[in-house]
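Visitor: First to last, the protein sequences are chains A and B.
Oh and the first sequence: position 75 is 75 in full-length UniProt numbering, straight run, nothing missing.
Oh and the second sequence: position 288 is 288 in full-length UniProt numbering, straight run, nothing missing.
Keep in mind that a hint or two might mislead.
Where chains are identical, the list cannot tell them apart; a pair therefore holds if satisfied intra-copy or between any two copies.
To be verified - As a list, the in silico PhoX-like pairs of lysine-lysine whose alpha-carbon atoms are at most 25 Å apart: (1) LYS195 - LYS276; (2) LYS3 - LYS100; (3) LYS100 - LYS389; (4) LYS220 - LYS276; (5) LYS112 - LYS27; (6) LYS340 - LYS112.
These aren't lab readings, by the way, just hints derived from the structure by calculation.
Protein chains: 2
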Amino acid sequence: MSKPRPISGFPEWLPPQRMIEQRFLDKIKSVFEVYGYAPLETRAVEPLDQLLRKGETSKEVYVLRRLQEDSSASSPDDSLGLHFDLTVPFARYVLENSGKLNFPFRRYQIQKVWRGERPQEGRYREFVQCDIDVVDRDTLPAHYEAEMPLVIGDALGALPIPPVTIQVNNRKVCEGYYRGLGLGDPEAALRAVDKLDKIGPGRVATLLTETAGATDAQAKAVLALAEISSTDASFADSVRALGVSDPLLDEGLAELVQVVETAAAYAPGLCVADLKIARGLDYYTGTVYETQLAGFERFGSICSGGRYDNLATSGNERFPGVGISIGLTRVLGLLFGADKLAISREVPTCVLVALSDEEHRRAADDIAAALRRRGIPTEVSPTAAKYGKQIRYAERRGIPFVWFPGDPDSIKDIRSGDQAEADPATWSPPAADLHPTIN
Amino acid sequence: MSKPRPISGFPEWLPPQRMIEQRFLDKIKSVFEVYGYAPLETRAVEPLDQLLRKGETSKEVYVLRRLQEDSSASSPDDSLGLHFDLTVPFARYVLENSGKLNFPFRRYQIQKVWRGERPQEGRYREFVQCDIDVVDRDTLPAHYEAEMPLVIGDALGALPIPPVTIQVNNRKVCEGYYRGLGLGDPEAALRAVDKLDKIGPGRVATLLTETAGATDAQAKAVLALAEISSTDASFADSVRALGVSDPLLDEGLAELVQVVETAAAYAPGLCVADLKIARGLDYYTGTVYETQLAGFERFGSICSGGRYDNLATSGNERFPGVGISIGLTRVLGLLFGADKLAISREVPTCVLVALSDEEHRRAADDIAAALRRRGIPTEVSPTAAKYGKQIRYAERRGIPFVWFPGDPDSIKDIRSGDQAEADPATWSPPAADLHPTIN
Chain A
1 MSKPRPISGF PEWLPPQRMI EQRFLDKIKS VFEVYGYAPL ETRAVEPLDQ LLRKGETSKE
61 VYVLRRLQED SSASSPDDSL GLHFDLTVPF ARYVLENSGK LNFPFRRYQI QKVWRGERPQ
121 EGRYREFVQC DIDVVDRDTL PAHYEAEMPL VIGDALGALP IPPVTIQVNN RKVCEGYYRG
181 LGLGDPEAAL RAVDKLDKIG PGRVATLLTE TAGATDAQAK AVLALAEISS TDASFADSVR
241 ALGVSDPLLD EGLAELVQVV ETAAAYAPGL CVADLKIARG LDYYTGTVYE TQLAGFERFG
301 SICSGGRYDN LATSGNERFP GVGISIGLTR VLGLLFGADK LAISREVPTC VLVALSDEEH
361 RRAADDIAAA LRRRGIPTEV SPTAAKYGKQ IRYAERRGIP FVWFPGDPDS IKDIRSGDQA
421 EADPATWSPP AADLHPTIN
Chain B
1 MSKPRPISGF PEWLPPQRMI EQRFLDKIKS VFEVYGYAPL ETRAVEPLDQ LLRKGETSKE
61 VYVLRRLQED SSASSPDDSL GLHFDLTVPF ARYVLENSGK LNFPFRRYQI QKVWRGERPQ
121 EGRYREFVQC DIDVVDRDTL PAHYEAEMPL VIGDALGALP IPPVTIQVNN RKVCEGYYRG
181 LGLGDPEAAL RAVDKLDKIG PGRVATLLTE TAGATDAQAK AVLALAEISS TDASFADSVR
241 ALGVSDPLLD EGLAELVQVV ETAAAYAPGL CVADLKIARG LDYYTGTVYE TQLAGFERFG
301 SICSGGRYDN LATSGNERFP GVGISIGLTR VLGLLFGADK LAISREVPTC VLVALSDEEH
361 RRAADDIAAA LRRRGIPTEV SPTAAKYGKQ IRYAERRGIP FVWFPGDPDS IKDIRSGDQA
421 EADPATWSPP AADLHPTIN
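Bound-form chain A, shown alone (with noise of 0.2 Å):
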């Protein structure tokens, strides 16, 4: 075959990175774990009928079909398409599932999503994304959207990244203030607002009058409300000062005072009040966030969510819930590209075992095995080259220990050149060697 390309949107990291991203998922996981969160996967593909329902996200999806189907047979009620979030595939999961879950669920996600938007630095085909969500029957306590900003702090803040803001907002203030304001379409308003950061006030104020049918006095009150950020709850009493009035909006408010503050308390400075985070896509009707890695805001949000009333709902039955999602691979790419990541190893191999001669692999073979029983990552050396060769391989590797087999063994720490006796049933590494660390 010729030397295939990569694809563009489709990213893969070379194993340094990999390494990176292993280890990054496990601490994550640790922390989703540590709050009670439980694994859960869902399949990769839904009914496209399922995936369509939110109108934004239709260009965006990837749909299959089998190589050898019958297409003349297959309605396109019946077609499958990749997921392009968790979020949805997650809801349905509960509706179909509910019988069987214990509410409220709270659960936590780490997959693949596919969108097929054009590629671009920071923005994927294909990417992981790491989410948690709780899920309550009927309703569901205010306080889940006070801890979803505390789960990512600790999960974000255990990764060798650089700081992160969260920004939260609260859909019930900006509709509650659009409906104070008298304006007829307050779904179209959070639309133009959403896309204050990549056009500016000015063009936004423009789409209001022309898609959300407002005046420009009523424009202007909604760029106002958009203006205000702080980052404990006096912005509370900023929007109050722009003289609107809506039970819904005083609703919000109070919401987004509790999420505010408990972040303070638990995590000072983790989070800000920011008003004018909106969120895209419109399943959301309660707290929403958006969060920015500090020198990479320009990329746009690492980590959104919000909250959820409707989007698992079926007959009778309804499932309210919030959620948060780490975009992994986006927050890789960005720190790969900038240079701002490296492993101490690109294996997790701690011990190469020398060979003298092929007839001692066996010898070599034990020595192995007894590492390993304790917990030692070990290989053997692929042949029984020169030494000098056999240490090239763990040195381009990064392994730092050499195991001599001889009488006695002697083990080489091949950074500093040390070399002493060694006993494979008691030789340990130094703690900070056994896993290759982070930078």
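The hints should help you fit chain B onto chain A, whose structure is shown.
Guide: For chain B alone, coordinates are given in the frame of chain A:
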């Protein structure tokens, strides 16, 4: 929306099952890493022409198109399909990145794969494979063929599943023997023998005469080879006793003896040389592996692989490899179906902090934060319901401990009913209760 239904062939686990799968994955990964295999992932898609290089699998491929794609603009050459295994993508990855990899290159890869086959018990359209492979540039030492079963023996042996037997054979034995017999089309003969378990020796004999041009005597001789098996090196004598000679046969026998003897030394009872094992895919050129799960033999191999010398080849570059793949979804599906696996709880949570009233939520959150900081998975009660109801919340999920804030705080083991004073800064659960346990 109407209540959603499962899609045949796309299994989804319930929370306790997914907890079990997650713990299986953790064990498998940790064994792969202790042998020095580095994690790797490839994208889910490959160019269709790559996937169709092996004629046998073309019927199984899922092809992708973007919903809004202009179908007239895209040529079939650009089509993408979902990968049906992890070996073909890995070979492509090695060729694509050969200048950036260190050889021999050892990697593990745990991902979903997709095949549009007819679903049945133990056979899915979407399933997880856990692969290890070693590839080297130009030549690959045969000792890696002996290593594969040892890694798999350790990985599967670490799981609470019935014992396994790895059946090994070597394509060179079969091809050399067929050549020695004077058979014109050894590949057709292999494909016929591959069906032995499904259709029996009588119909295989017919197939051999019809598709591989065998005489009755040759067909009989082919079946005689397929009947040979042994847990030690004695199979080689049985083969020689059939009186066929060929240099490739001798080479294959020597390699197979090495695999079986290494396994007998490090994992007695794990491997058996079984000369009817052929493997359907035609890229194998040396050792081949299949694995039987005791009590579930009729569902086929749960872990298969082999050596492939020509899969990753481009121009002058050639990367022979050997690999093996655990069919994790099949293993889990069979054991779940037989009700053979259970887990002590369906959430990671070890402690539920009870709540006397909503005003004390911050105090309960403080306790949870203190426990989490020491790695103890903790949740706070969703509501300040009566304590009996809060305890049932824990019971239903299998959470072993409920924490009652007070002066002093106390912790109750809800299985035994024992209750004792506790301090969130120092209390720890028994080690066996920190994480869920299987069976």
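Visitor: Within a copy, between copies, both or neither: which one fits LYS112 and LYS27 at a CA-CA cutoff of 25 Å?
Guide: Answer is both; intra-copy 18 Å and inter-copy 22 Å each pass.
Visitor: How would you label the pair LYS220, LYS276 (within, between, both, or neither) given a Cα cut-off of 25 Å?
Guide: within (13 Å within a copy, 79 Å between copies)
Visitor: Go through the copies and call it for LYS195 and LYS276: within, between, both or neither, with a Cα cutoff of 25 Å.
Guide: within (9 Å within a copy, 65 Å between copies)
Visitor: When no copy is named, should LYS3 and LYS100 be tagged within, between, both, or neither for a Cα gap of at most 25 Å?
Guide: Between copies only: 14 Å across chains, 50 Å inside a chain, cut-off 25 Å.
Visitor: Up to 25 Å between alpha-carbons, please classify LYS340 paired with LYS112: within, between, both or neither.
Guide: For LYS340 and LYS112, the Cα distance is within 25 Å only inside one copy (23 Å; across copies 30 Å).
Visitor: Is it within, between, both or neither when you check LYS100 against LYS389 at 25 Å Cα-Cα?
Guide: between (58 Å within a copy, 19 Å between copies)
Violated hints: none; the structure is consistent with every hint.
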